[in-house]
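Numbering of the sequence shown is given in this note's numbering, commencing with residue 1 and proceeding in unit increments.
Keep in mind that the hints were calculated from the coordinates and are not lab data.
Careful, some of the hints might be misleading.
[Unchecked claim] Listed next, the in silico DMTMM-like pairs over lysine to aspartate or glutamate satisfying Cα-Cα at most 25 Å (straight line):
hint, residue 1, residue 2
1, Lys34, Asp96
2, Lys134, Asp110
3, Lys76, Asp39
4, Lys76, Asp96
5, Lys34, Glu69
6, Lys76, Asp110
7, Lys34, Asp70
8, Lys134, Asp113
9, Lys134, Asp39
10, Lys76, Asp102
11, Lys34, Asp102
12, Lys134, Asp42
13, Lys76, Glu33
14, Lys134, Asp96
These numbers come from a predicted model, not from an experiment.
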Amino acid sequence: MTLPLLYIPSVPPPLWILLILCFSPLATFAAIEKNVTVDDTDSSILYTGTFHLGSPTNLDYGGNHMLSEDIGATAKFTFTGTAVYMLSPKWPYGVDTAVSIDGGPSTTVDLVDHAAPQTTGGSESLAYSVVWSKTGLTNTSHTVQLSRANNYVIVDGFMWVFSSSPH
């Protein structure tokens, strides 16, 4: 009697198939990526300086945003993940915010709605979207800091991506 090459007599067939799959090069387990989004009022965002809520509008993520004209005001958001996205509406006049990650150099994020007729003040004119992002990060702790670029510090929301084990 000739036995099949993969026959393991002391192990029931469904189990030996599982063993072969687990120990084969095909048995790679990818991390599962998940997105989390937080609003400007979430306790994970730490504010220093004077901030106040902007006027409520459906153009903001969560219906509102935080705003400061204080020269020393900052908002820090710490997360563990591989990517982070800053959400914000845009205005029909000069609004921008400086953003940095992990103590690196800051980048000025333009929050002007260039398609709208320009004004000297007022409400948002374009609904929130991703206005800045950093991807390709290691799945460790990171801190995003927002500060005043020219006139304002605007905080509306953050979305971040983290990887978890499939087990």
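Checked hints:
Our distance criterion of 25 Å between C-alpha atoms is broken by Lys34 and Asp96, whose separation comes to about 29 Å. Straight-line distance between C-alpha atoms of Lys134 and Asp110 comes to about 16 Å, which keeps the hinted pair within the 25 Å bound. Distance check on the hinted pair: Lys76 and Asp39 sit about 13 Å apart at the alpha-carbon level, within 25 Å; holds. Pair hint Lys76 plus Asp96 holds up; C-alpha atoms about 17 Å apart against a cutoff of 25 Å.
Annotation: proposed proximity of Lys34 to Glu69 is violated, straight-line Cα distance about 34 Å (limit 25 Å). Our distance criterion of 25 Å between C-alpha atoms is met by Lys76 and Asp110, whose separation comes to about 19 Å. Note on Lys34 and Asp70: the hinted pairing is violated, with a Cα-Cα distance of about 35 Å set against a maximum of 25 Å. About 22 Å separates the Cα atoms of Lys134 and Asp113, which keeps this hinted pair within 25 Å; it holds.
This hinted pair checks out: Lys134 and Asp39 have alpha carbons roughly 18 Å apart, not beyond 25 Å. Proximity of Lys76 to Asp102 is assessed by CA-CA distance (about 10 Å); at most 25 Å being required, the pair is judged to hold. With a C-alpha separation of about 21 Å, the suggested pair Lys34 and Asp102 falls inside the 25 Å cut-off, and the hint holds. Note on Lys134 and Asp42: the hinted pairing holds, with a Cα-Cα distance of about 20 Å set against a maximum of 25 Å.
For the proposed pair Lys76 and Glu33, the alpha carbon gap of about 23 Å is at most 25 Å, so the pair holds. For the suggested pair Lys134 and Asp96, the alpha carbons sit about 18 Å apart, so the restraint of at most 25 Å is met.
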